[in-house]
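Participant: Here is how the chains run, residue by residue.
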Amino acid sequence: MSTVTRNLRVVRRMTAADIAQQSVYRGAWIIFMLANITMPIISLLIWRTALASGAQLPVDERYVTTYFVLLGFVTMATSSWMAGFLAQDIRMGKLSSWMIRPASLLTGFVANNLSEKFLKLFALVPMIGIVWWIFRDSMNIPAGPGRWVLFALSILLGAMLVFTIDILIASLAFWMDDVSALVQARVIIASVLSGAVVPLALMPSWSRGFVDHQPFRYTVSFPVEIVAGQLTGRELLVGLGIQLGYVVVFAAIARLVWSAGIRAYSAVGA
Amino acid sequence: MSTLDRTWWHKQWRHLRLWRRFFAQAVVRETHFRAHFLTTLLVGLVQLGLGIVPTLLLFGFTAEVHGWSRAEVIALVGVFQIVTGLMATFIAPNLNRMTTYLTEGELDSVLLRPVSSQFYLTLRWINVAELTNVASGIVVLVIGLVQAGIGFGPGQVAQAVVLVGTGLVLLTAVWSAMSFLAFWLQSVNPIGFVFLNLMEAGRYPLVFFPAAVRTFLTFAFPVAFATTFPVRALTGDLGWGTVAVGLGLAVVAQGLVRLLWRRGLLTYSSASS
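Which chain is which? The protein sequence lines are A and B, in order. If you use this note's numbering, the first sequence corresponds to residues 5 to 274, in order. If you use this note's numbering, the second sequence corresponds to residues 149 to 421, in order.
Be careful, since some hints might not be right.
Beyond 10 Å from chain A on every Cβ pair, some chain B residues (computed) [what the hints assert, rightly or not]: (1) His158; (2) Gln160; (3) Arg162; (4) Arg245; (5) Phe267; (6) Val282; (7) Gly303; (8) Leu346; (9) Phe356; (10) Phe357; (11) Trp388.
Just some of the chain B residues that point at chain A, by a computed CB distance under 7 Å [claimed, not checked]: (12) Phe209; (13) Gln304; (14) Val305.
It should be emphasised that the hints constitute simulated quantities derived from the structure, not laboratory data. What you are looking at is a predicted structure, and each value in this text was computed from that prediction instead of being measured. The beta-carbon is built from N, C-alpha and C at its ideal position, and this holds for glycine as well.
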C-alpha cells in the first residue's frame, strides 16, 4: 500500500474517532461559533452605516454585506489552531511515541482540524443562514454553480495554506523554547492582512500592490471575493493560480523545516 | 454578620484592605517576570495599532458619520482601550478561571476562608502588566481630544469618570453572570470569547448601530456606558440623567449577580470530596 493511501486511511479513521469524541462538547461549539460571527456582524453594521451616511467607498452595499455575511464561515473553514499544540508536543517529547508509529504525528492534527470543523459547521451554518436571511435583499448571489464550485475549491486551498503556515511556525519549536509569541504574532498580522477585520478592497490605494499579492489574502479574503463579486474571469484564474502557488511553496518549506527538525529532535523525556 | 466584623462597614473595610494586599502581591510577582511585562506591552501596542485601522480607513472615505468626527472616534478608541485594559487587569484573570474553580474543586478552599467568596472569585488575581494598555489608552484619548479641539470642565470629567466606573461595574456584572453559569453548564471557557468579541462593539459610537442593536448595547450588554457615554460627556452633550441611569443600572445588576451567585452556590456539590 502506498504511503499516501495509508495516511489517508489513518486520517479518515482518526477523524471519525475525533468526531465521536468532540461531539460531547456540542454546547461549547455553539458558543464558540457565536463568538465567531460576532465580529463580522459588528463590522457589517458599521460599514453599512458608513455607506448609508454618504461615505464614498470603492465597493457597494451588496459587496460589503455579502463579504461580512460569508466572512464568519470562511474564517472558520480555513482556520488552524494547532501551532501551539504541535509546538508543545515537540517540546514535551510527545512526538517520540509517534516516531515508532506507522503514521506521522501530523495526521492527528489533520484529523483534529477536520473533525472540529465538521462539528462547527452544524453550529455555524444555521447562524449564517439567519444573518443571510436578515440581509437577503442586499446579498450578491452568483448565478449558476460555477462560482460556488470555485468558492469551495478556494476554501480548500486556503485551509491547506493556513495549515502549512502553522506547521512551519510550530516546527520552529524544534530549535526554540517558546513559539507562543510567534503564534500570537501570526494571528494578529493575519487578522488584518487576510481581510478578516476589514475587506482588503477598502485598503488604501498605495498599499494595493502589496495587499493583493501577499499570502494572507489567499487564506480568507480571496475565497470571499469570489462570491462577493468584482473579480473578473481573468483575475479569478490568476488568483487561484497564485493561491495554489503559495500552497505548494509553503508546503515545500514546511516539509523541509519539519524534516530538518525531526533530525534535530532530541526526544525530551526519553 | 460574622464575628470578624463588628459592623457592615468594618466588613467592607476589611475586604478593601485585603484587595490592597492582592494588588501589592501582584506587583511583586510581576517584577519576577519582566519578559511577561514586555510582551504584554508590545502585544498591547500592536493590538491598539491594528484595532484603530478600521476607524482610520472608515474616515478616509468620509469626514463625519452621524455627527462623529474622526478625532472624536479616536478619543473613543482611547476610552475603549482604557476600559478593556482595566478589565484585563482586574477581572479577566479571575473569570477565566471559573471553570477550573468549579470542576477542579478549588472553590472548596475558597468557601472555607473568612472572606466573601464572590469577592474572592471576582477580584483575587490581578495582571499588573495589562495596566500598560490603560496608559496607552490614556495617550490615545488625549490625542483624540486635542485633535477634536474639545474643551471640557471638571464637571464633565467627573461625569465621564463616573460613567466609565459604572460601565466597568455593569460589564463585570454581565461577564460574572455569564461565568457563573458554570454552576449549571460545568464548562464556560468559550463564554469568555463571546464576551470579548461582543466588547469589540465598544470601539464604535453607539449611533453607528441600528436602533435595536443600540438598545441591546445599552441595557443588555451595556458597553455603551463604558465607551460612548463617557466620550459624549466630555464633548458636553450628555446630562447627569444618563449618569443617574447608569448608577441605577449598576446597583440593579450587582443585586442580580449576587442573587445568581447565591443560587449557583446552592447547586454546588464540590468536585473532589
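Participant: Evaluate each hint against the coordinates.
Facilitator: Right, here's what the structure says about each hint:
The non-interface label for His158(B) is consistent with chain A: the shortest C-beta to C-beta separation is roughly 41 Å, beyond 10 Å. At roughly 35 Å from the closest C-beta of chain A, the C-beta of Gln160(B) stays outside 10 Å, upholding its exclusion from the interface. No beta-carbon of chain A comes within 10 Å of the beta-carbon of Arg162(B); the shortest separation is about 37 Å. Every beta carbon of chain A lies more than 10 Å from that of Arg245(B), the smallest distance being close to 17 Å; the non-interface claim holds.
With a least CB separation of 27 Å from chain A, Phe267(B) remains clear of the 10 Å interface cut-off, as annotated. The claim that Val282(B) is not at the interface with chain A holds, since no C-beta of that chain comes within 10 Å of its own (minimum 20 Å). Under the 10 Å C-beta cut-off, the non-interface status given to Gly303(B) relative to chain A holds; the minimum distance is some 31 Å. Once the 10 Å rule is applied to beta carbons, Leu346(B) is inconsistent with being away from chain A; the minimum gap is 6 Å.
A cut-off of 10 Å between C-beta atoms contradicts the statement that Phe356(B) is not in contact with chain A; the least separation is 5 Å. The Cβ of Phe357(B) does not lie farther than 10 Å from every Cβ of chain A; its closest approach is about 5 Å, which violates its non-interface assignment. With a closest Cβ-Cβ approach of about 29 Å to chain A, Trp388(B) is found to remain outside the 10 Å limit, as its non-interface label requires. Here the hint on Phe209(B) is kept, as its CB sits about 4 Å from the closest CB of chain A, short of 7 Å.
Taken as an interface hint, Gln304(B) does not check out: its beta carbon lies about 26 Å from the nearest beta carbon of chain A, beyond 7 Å. Of the supplied interface hints, the one on Val305(B) is violated, with its beta-carbon coming no nearer than about 28 Å to a beta-carbon of chain A, more than 7 Å.
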